[in-house]
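Top to bottom, those sequences are chains A and B. For the first sequence, the numbering used here begins at 8 and goes up steadily by one. For the second sequence, the numbering used here begins at 44 and goes up steadily by one.
Just so you know, these hints were derived from the structure itself, not from any lab. Quantities reported herein were computed from a predicted structural model and do not represent experimental measurements. C-beta: ideal position from N, C-alpha, C; glycine also. One thing to keep in mind: the hints can contain errors.
Listed next, the in silico DSSO-like pairs over lysine-lysine satisfying Cα-Cα at most 30 Å (straight line) [stated by the list, open to error]:
id	chain 1	residue 1	chain 2	residue 2
1	A	Lys69	A	Lys154
2	B	Lys100	B	Lys81
3	B	Lys95	B	Lys81
4	A	Lys154	B	Lys81
5	B	Lys100	B	Lys88
6	B	Lys101	A	Lys69
7	B	Lys100	A	Lys69
8	B	Lys95	A	Lys69
9	B	Lys101	B	Lys88
Covered by chain A, per the in silico footprint, the following chain B stretches (three or more residues, Cβ under 8 Å) [to be verified]:
id	stretch
10	54 to 65
11	92 to 105
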Amino acid sequence: MANTYTLISSVTVGATAVANIDLTSIPATYTDIVILGSLRTNGNGAGITVTVNNSTTTYSSKRLYGDGSSAASDSYLTSGLALAGGTDASSYTANTFSNFLLYIPNYASANYKSISSDAVSENNSSSNYMSLNATLWSNTAAITSVKLTPDVGSLVQYSTAYLYGISNA
Amino acid sequence: MTNKIVVDCSTGEVQEIALTAEEIAEREAMAEQYATQKAEEEAQKAADAIAKSALLKKLGITEAEARLLLS
Numbered sequence: 008m009a010n011t012y013t014l015i016s017s018v019t020v021g022a023t024a025v026a027n028i029d030l031t032s033i034p035a036t037y038t039d040i041v042i043l044g045s046l047r048t049n050g051n052g053a054g055i056t057v058t059v060n061n062s063t064t065t066y067s068s069k070r071l072y073g074d075g076s077s078a079a080s081d082s083y084l085t086s087g088l089a090l091a092g093g094t095d096a097s098s099y100t101a102n103t104f105s106n107f108l109l110y111i112p113n114y115a116s117a118n119y120k121s122i123s124s125d126a127v128s129e130n131n132s133s134s135n136y137m138s139l140n141a142t143l144w145s146n147t148a149a150i151t152s153v154k155l156t157p158d159v160g161s162l163v164q165y166s167t168a169y170l171y172g173i174s175n176a
Numbered sequence: 044m045t046n047k048i049v050v051d052c053s054t055g056e057v058q059e060i061a062l063t064a065e066e067i068a069e070r071e072a073m074a075e076q077y078a079t080q081k082a083e084e085e086a087q088k089a090a091d092a093i094a095k096s097a098l099l100k101k102l103g104i105t106e107a108e109a110r111l112l113l114s
């Protein structure tokens with residue numbers, strides 16, 4: 008049972024939008040890692056993909072999502088990467104941000120890695136997304152980096168990502 | 044020029060670095076793939092709506108009546 012949350016790193020996007028946030032050299036000293044993201048893009052509707060160790064292969068993902076009027080599930084295969092969730096886009100209510108919590112248990116183990124997340128967008132509209140996402144990364148390497156990239160557009164100012172390490176007792 | 048933020052979690056150093064040509068190409072490919080996927084989803088939604096409407100017409104019931112039957 009997790010009993011600690013240690014902030015490893017945090018980042019806030021400055022005045023100039025950026026293509027992605029790359030958390031590198033993640034220490035292998037924790038049991039699990041958690042990323043809390045609050046993101047907004049200047050693109051036209053997008054998800055946030057997750058790339059670990061700069062690997063672009065052996066991900067298999069499923070997502071369950073709802074948009075305020077209907078629900079659906081599918082394999083999320085954009086670029087064959089994992090999904091952190093949808094994000095607020097340029098058309099969304101000004102100054103709102105999406106939120107997600109992404110969990111990677113046993114990230115430094117020699118087993119395949121599971122990556123799961125829950126995410127919501129914020130929008131003063133009838134169309135608004137929430138999702139549950141699960142990915143298996145079929146690779147036994149320890150995860151040392153996580154990249155968060157919007158499908159479309161760039162991450163705008165005040166978008167944040169916090170990386171926590173969780174240690175079991 | 045598009046930058047990325049790179050955080051070195053072992054030192055806490057945060058850098059803004061320009062994307063390489065390869066990264067820019069990857070980014071463009073991802074956007075294109077997203078657009079294709081989105082278009083396919085929209086097309087599927089539209090096809091489903093047409094099929095649903097045709098089925099309701101065939102059954103001679105309204106959408107509200109269909110919902111009532113399934114509740």
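Structure-based check of each hint:
A hinted pair counts as satisfied when its Cα atoms are at most 30 Å apart, and Lys69 of chain A with Lys154 of chain A qualifies at roughly 19 Å. Taking the CA atoms of Lys100 of chain B and Lys81 of chain B, the gap is about 29 Å. The hint holds against a cut of 30 Å. Restraint check for Lys95 of chain B and Lys81 of chain B: satisfied, since their Cα atoms lie roughly 21 Å apart, inside the 30 Å limit. Between Lys154 of chain A and Lys81 of chain B the alpha-carbon distance is near 22 Å, which keeps this suggested pair within the 30 Å criterion.
Distance check on the hinted pair: Lys100 of chain B and Lys88 of chain B sit about 18 Å apart at the alpha-carbon level, within 30 Å; holds. Pair hint Lys101 of chain B plus Lys69 of chain A does not hold up; C-alpha atoms about 34 Å apart against a cutoff of 30 Å. A C-alpha spacing of about 34 Å is found between Lys100 of chain B and Lys69 of chain A, which places the hinted pair above 30 Å, so the restraint is violated. Restraint check for Lys95 of chain B and Lys69 of chain A: satisfied, since their Cα atoms lie roughly 26 Å apart, inside the 30 Å limit.
For the hint linking Lys101 of chain B to Lys88 of chain B, the alpha-carbon distance of about 20 Å falls within 30 Å, and the restraint holds. For the stretch 54 to 65 of chain B, the stated coverage by chain A is satisfied: 5 residues place a CB nearer than 8 Å to a CB of that chain, which reaches the threshold of 3. For the stretch 92 to 105 of chain B, the stated coverage by chain A is not satisfied: 0 residues place a CB nearer than 8 Å to a CB of that chain, which falls below the threshold of 3.
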